[in-house]
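**Q** Chain by chain, the residues:
Number of protein chains: 2
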Amino acid sequence: MREKHDENALVKRIERELRCSQRDSLTLALGDDGALWNAKQGHEIILTCDWFLEGSHFLRAKHPPDSVGWKCLARAVSDIAAMGGAPRCFLLSLALPSTLTGEWLQQFLGGLRRASRTLRCRLAGGDTTRQEKVLICVTVVGEVRKGSAALRSGARPGDILFVSGTLGEADLGLRQLRKQRGFARATNAALRKHLYPRPRVVLGQWLAQNRLATAMMDLSDGLSTDLPRLCAASGVGATICVASLPSTPLAKPADAANLALHGGDDYELLFAVSPSKRHRVPRQFHGVKLTDIGTIAAERKIVHTEKEKTSPLISRGWDPFRAR
Amino acid sequence: MREKHDENALVKRIERELRCSQRDSLTLALGDDGALWNAKQGHEIILTCDWFLEGSHFLRAKHPPDSVGWKCLARAVSDIAAMGGAPRCFLLSLALPSTLTGEWLQQFLGGLRRASRTLRCRLAGGDTTRQEKVLICVTVVGEVRKGSAALRSGARPGDILFVSGTLGEADLGLRQLRKQRGFARATNAALRKHLYPRPRVVLGQWLAQNRLATAMMDLSDGLSTDLPRLCAASGVGATICVASLPSTPLAKPADAANLALHGGDDYELLFAVSPSKRHRVPRQFHGVKLTDIGTIAAERKIVHTEKEKTSPLISRGWDPFRAR
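Here the protein sequences line up with chains A and B, keeping their order.
Note that numbering that gives the first Met the number 0 gives residue 200 to position 201 of the first sequence, counting from 1, and the numbers run on in steps of one.
Note that numbering that gives the first Met the number 0 gives residue 253 to position 254 of the second sequence, counting from 1, and the numbers run on in steps of one.
Any given hint could turn out to be false.
Heads up, the list lumps identical chains together, so a pair's fine if it works in one copy or across two of them.
[Unchecked claim] Dumping the calculated DSSO-like pairs for lysine-lysine here, alpha-carbon to alpha-carbon at most 27 Å: (1) 145 <-> 300; (2) 178 <-> 61; (3) 145 <-> 39; (4) 251 <-> 306; (5) 251 <-> 308; (6) 276 <-> 308; (7) 276 <-> 300; (8) 145 <-> 132; (9) 300 <-> 11; (10) 132 <-> 300; (11) 288 <-> 276; (12) 288 <-> 178; (13) 61 <-> 132; (14) 178 <-> 276; (15) 178 <-> 251; (16) 61 <-> 251; (17) 288 <-> 251.
If you are wondering where the hints come from, they were derived from the structure by calculation, not from laboratory data.
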């Protein structure tokens, strides 16, 4: 048993579970002080990291370990998608109670391996330690052709605001999960989106490569929290039309708009498009709906219109430093 | 007050404290979904990350916040030094109780800023959240000329083993810190080394550029834990001479050898040099002592000799998954 819990043995196990036959740009991964990686010529490197903590971002009693493994990588990759980049490799920092190094870890690594393969993002290295709670921090390294990254700061008055997919679905899934006993199962689209989100990597790359998005970000904390960030970075305001929001048909009609405005964890893309390029944005991209939800305004305030009434949009999304 | 604890405000404050006028290779840091960074041509990228957790790696009541800030970056940079690379930028993942966003955070950022400037490693981005305990995860990105990284795997039988600096000093500092009341102060070399370690970046680069080290790593968990890792990676064994270890004169003679063998947190470099190049290793490099402590052997066992007695070296360094 001692050997089983030993840090060297744990690292070897993670390595074995996530081994990948491709060598390509990763000269050396794991087993040394750092990973060695080669960037492509003519590309910029995107660096991003994300906490995924028991009690804050997932519940040990409710979230199946393979969902924890999938989601910790998927949400970090979503930041790469939001800049129009391609994910390349990741570092996994994992702190774990000794009691979870058996079956829990096995399933966690299974979910992580599936995400790693699906998202084409290889394990490069990491750090492990012991804690009473499960703590995860994932760093993802991505690439984007020089000068083509989509930033938050390029939105201009008159631009049209789009979102991908459906909003509020993941938050609805979280509500359903809280009501279930034991580990949640992905029995409908809302639970599936909460447990196994799919970052919009291909869409993000297409928008960036075709220079369609003047500004872009991913929706992780909810539209009402994230849109003000995009507007602040661009020095603009916005008007969004609540009736246009692609809300989830799984919610009661009375809840659907609120979920779409404030629900977190969707990992959809929010992007602005200049009016002259608007016709180049299809209604669907690879099966993912793209919806016009409003416009960018010169005046630095953010309002939403609902039943012909215009009112300021109050942030009510996820902010760990503010009571909800 | 609400605004003060708000995540956006916290990120802005970290950004302000660690602002750097240089633009250089970081096209875009902070304030977007990810950082954009340009690698140098002809170089490989080194990626590494390190946990630094309250209760495991530091004590909130004992470690001054500016030491926490310094050390969380310094120890991650040490992994870049261990491969012969130059640190370039870092991502800070910080989880904090709301009660520490005042003076504690200010001093933490002060220590981090000093480390960032001294080690020439700029803040590129990160993630913040709220937790009851202080959780830190630092990812460092470094560079090394293509093909010149020093790995753990190149040691060959007959190579001479060297270490930089003094061994066991940081662990002695930790013991002294545990006995003090309130925040520790760096009143001697042992406490200084424990609180404000200096990664051997210049030495690591010099050894790698001159192809002097056949294998290299940094000593973070103690010689008796780390040397077996270097030997395992190289498929070799080693004999070390206890009398040769550069132990600390600050410890009682009875403790000094044990501290040098098993004490963690020194962040010195352990490296192997082929006999034909041994004469090129000076006794001191930029004021840091370099000491021959033994040799690499073909047989895959690790022994230490003490008073003409040879015995197996038992790992008694830091391993979070093993009771000490």
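**Q** The structure should be examined with respect to each hint, and the outcome stated for every one.
**A** Cross-check of the supplied hints:
1. Neither within a single protomer nor between protomers do residue 145 and residue 300 lie at most 27 Å apart by alpha-carbon distance, with minima of 32 Å and 50 Å respectively.
2. Only within a single protomer do residue 178 and residue 61 lie at most 27 Å apart by alpha-carbon distance; the minimum there is 10 Å, versus 42 Å between protomers.
3. For a Cα distance limit of 27 Å, the shortest separation of residue 145 from residue 39 qualifies both inside one copy, at 10 Å, and across copies, at 13 Å.
4. In this assembly of identical chains, residue 251 and residue 306 lie within 27 Å of each other by CA distance solely inside one copy; the values are 18 Å within and 80 Å between copies.
5. Taking the closest pair of Cα atoms, residue 251 and residue 308 come within 27 Å of each other only inside a single copy of the chain (22 Å); across copies the shortest separation is 78 Å, beyond that limit.
6. Taking the shortest alpha-carbon separations for residue 276 and residue 308, neither the intra-copy value of 29 Å nor the inter-copy value of 80 Å comes in at or below 27 Å.
7. Taking the closest pair of Cα atoms, residue 276 and residue 300 come within 27 Å of each other only inside a single copy of the chain (25 Å); across copies the shortest separation is 68 Å, beyond that limit.
8. For the identical chains of this complex, residue 145 and residue 132 are neighbours neither inside a copy (40 Å) nor across copies (40 Å), given an alpha-carbon limit of 27 Å.
9. With identical chains, the CA atoms of residue 300 and residue 11 are at most 27 Å apart between copies only, with a shortest distance of 20 Å across copies and 52 Å within one.
10. Neither within a single protomer nor between protomers do residue 132 and residue 300 lie at most 27 Å apart by alpha-carbon distance, with minima of 41 Å and 36 Å respectively.
11. In this homomeric assembly, residue 288 and residue 276 come within 27 Å of each other (Cα to Cα) only inside a single copy, at 18 Å, whereas the closest approach across copies is 64 Å.
12. Taking the shortest alpha-carbon separations for residue 288 and residue 178, neither the intra-copy value of 29 Å nor the inter-copy value of 63 Å comes in at or below 27 Å.
13. Taking CA atoms no more than 27 Å apart as the test, residue 61 paired with residue 132 passes in both settings, with 14 Å inside one copy and 23 Å between copies.
14. In this assembly of identical chains, the alpha carbons of residue 178 and residue 276 never lie at most 27 Å apart, being 45 Å within a copy and 68 Å across copies at closest.
15. Taking identical chains as interchangeable, the C-alpha atoms of residue 178 and residue 251 lie at most 27 Å apart only when both belong to the same chain, with a minimum of 16 Å there against 61 Å between chains.
16. In this assembly of identical chains, residue 61 and residue 251 lie within 27 Å of each other by CA distance solely inside one copy; the values are 23 Å within and 53 Å between copies.
17. Proximity of residue 288 to residue 251 under the C-alpha cut-off of 27 Å is restricted to the intra-copy arrangement: shortest distance 21 Å within a copy versus 71 Å between copies.
In the structure shown, a violation is registered for the earlier hints numbered 1, 6, 8, 10, 12, 14, in ascending order.
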